[in-house]
Amino acid sequence: MVRITGQKKDNKELPASGEAYEALLMQRIASKDREAFESLYYDYTPRIGSFMMKLLKSPELVDEAINEVMMTVWQSAERFDPALGKLSTWLFGIAHNKALKLLERQRRHWREQTVEAEDSELNENEWEEVNAESATVDPDNPERTVLGWELGEILVWAMDRLSPEHRIVLELVFTENYAYQDIAIITDCPVNTVKTRMFHARKKLADLLAKRGYSPYDLQEGHS
Amino acid sequence: MTHSNNTEHDVVVELLPWYVKNTLNPKEQMRVAQHLSSCSECQQELGLYRQIDNVNLGTSNTPIWKPSPVQFANILQGIDALETKAATAATETTKVAKTPGLFAKLSAWLKALPGPVFWIMSLETMAIAALVMLVVGRLPQQLPGGQLFETLSNERPSVTANLPRLHIVFAEDITEREIRTLLQTQQGQLVEGPSMLGVYTVQLAAGGVQEQQAIINLRANAKVKLVEGIAKVDQP
Ligand SMILES: [Zn+2]
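Protein sequences appear in the order of chains A and B. Remember, my numbering sits 120 above the position in the first sequence when you count from 1. Remember, my numbering sits 83 above the position in the second sequence when you count from 1.
Just chain A, same shape as in the assembly (with noise of 0.2 Å):
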């Protein structure tokens, strides 16, 4: 950020990209200016909205996520530390949490619709079980059961199927190519717990792919 006065002393327009475009427009949007704001929008929240999407499947809750991650880079767009990575990683970290907070609320939705009757107390474990129950129909297309399906819908359908942690760590990983120091930084935690998170996503996977009568291994041999 010091950087742009020193390159571009009389230039007071925003550098075309990079940490020092970050750093300019976060000190914009932390000073109030309205038009920097609608800048980020435009410009980050499309990356954002499809991650979310992927997590969320509703575009009313991606709206609902971003209003309150926008808020949020209104009030705080003073604490984006440049030094401490890029402007996507500190947004995906405010979308993380507001992700986590819908994917659970989601989550205690179809728990009560699923067990509604039933009195029964589900645990952290029990949330695949309940949900692998409850999905072997497509409700929108009930003809088509999960055990006609092709190996990778059933990848897919396992992936929907993972708790909101080891959901959002695929994510990343595998759609977002963060490298797991920036998944660290996103989630808010140690880099060992993101390993470990995400060799246990895997784990649950093959455990619901078995369920489904699939060794994890026969996706390797050509199938599909």
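Treat the hints as calculated values from the structure; they're not laboratory data. Given the structure is predicted, the values throughout are model-derived calculations rather than measurements. Please note that a few of the clues may not be correct.
Derived SDA-like pairs: lysine to any residue, alpha-carbon spacing no greater than 25 Å straight-line [said to hold, decoys possible]:
hint	chain 1	residue 1	chain 2	residue 2
1	A	K152	B	G161
2	A	K324	B	Y132
3	A	K177	B	A156
Beta-carbon label-pair distances, calculated as ranges [said to hold, decoys possible]:
hint	chain 1	residue 1	chain 2	residue 2	range
4	A	V276	B	P152	54 to 60 Å
5	A	E198	B	I299	47 to 53 Å
6	B	Q112	A	K206	17 to 23 Å
7	B	G290	A	G138	52 to 58 Å
8	A	A203	B	Q160	46 to 52 Å
9	A	R228	B	T258	39 to 45 Å
10	B	I313	A	Q226	55 to 61 Å
11	A	Y162	B	V94	37 to 43 Å
12	B	L159	A	A203	51 to 57 Å
13	B	K110	A	D327	29 to 35 Å
14	A	S151	B	D93	34 to 40 Å
15	B	G161	A	Q301	30 to 36 Å
16	A	N187	B	N108	35 to 41 Å
Ideal Cβ placement from N, Cα and C applies to all residues, glycine included.
Starting from the known structure of chain A, arrange chain B with the ligand on it as the hints suggest.
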């Protein structure tokens, strides 16, 4: 399935997802490649992660989310609401802080004033306090909506030394709109308040309604409990 070095395997097996995505640093990338050449278990794991990666990239059936001007307008509206609320909260905090030590605060404030001003101000304050007690019968309630002051003045109002000012106490059930109308008809502007006694200070516009006339007009309104002119205090 056998690996001579358990620790090395444990480290590498956890790095495999990032190895697939090529997001490890070069040193780690090499370390994984080296271990992979001799560990069948890791080779198998790697295959699984490659599959996850392919499937994940292939799921383009998720609808795309796009930003919209409507949403951005909503966000700005939310911010406006939030900022008004924050301003109100600040006003509330000041009020709360004042409430407990009413007389302590009052006397501290009076003592802090320079000599001559002290006497004029203290008389004025005591007088208005007495009047408030008389009219309302008790120390006034918190006036309707702490945000009144904020919403009725767009910018920080400035007190102009030689413009006439009035102390005013509104009825409990007065609405913000009624206050706005009331002040507009008298060309007055809220410049201060509510005080700990629920008193607002209204400044009349230069060349507008005369002070005495404004007092009469305001007193005629049923929603106004009390109106008093403020004696001008010359700058020392
Ligand atoms: Zn190994």
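Here is what the structure says about each hint:
no. : hint                          : result
1   : A:K152 <-> B:G161             : holds (14 Å)
2   : A:K324 <-> B:Y132             : holds (13 Å)
3   : A:K177 <-> B:A156             : holds (23 Å)
4   : A:V276 <-> B:P152: 54 to 60 Å : violated (33 Å)
5   : A:E198 <-> B:I299: 47 to 53 Å : holds (51 Å)
6   : B:Q112 <-> A:K206: 17 to 23 Å : holds (21 Å)
7   : B:G290 <-> A:G138: 52 to 58 Å : holds (57 Å)
8   : A:A203 <-> B:Q160: 46 to 52 Å : violated (34 Å)
9   : A:R228 <-> B:T258: 39 to 45 Å : holds (40 Å)
10  : B:I313 <-> A:Q226: 55 to 61 Å : holds (59 Å)
11  : A:Y162 <-> B:V94: 37 to 43 Å  : holds (42 Å)
12  : B:L159 <-> A:A203: 51 to 57 Å : violated (30 Å)
13  : B:K110 <-> A:D327: 29 to 35 Å : holds (33 Å)
14  : A:S151 <-> B:D93: 34 to 40 Å  : violated (49 Å)
15  : B:G161 <-> A:Q301: 30 to 36 Å : holds (33 Å)
16  : A:N187 <-> B:N108: 35 to 41 Å : holds (37 Å)
In terms of the numbered hints stated before, the structure departs from hints 4, 8, 12 and 14, listed from lowest to highest.
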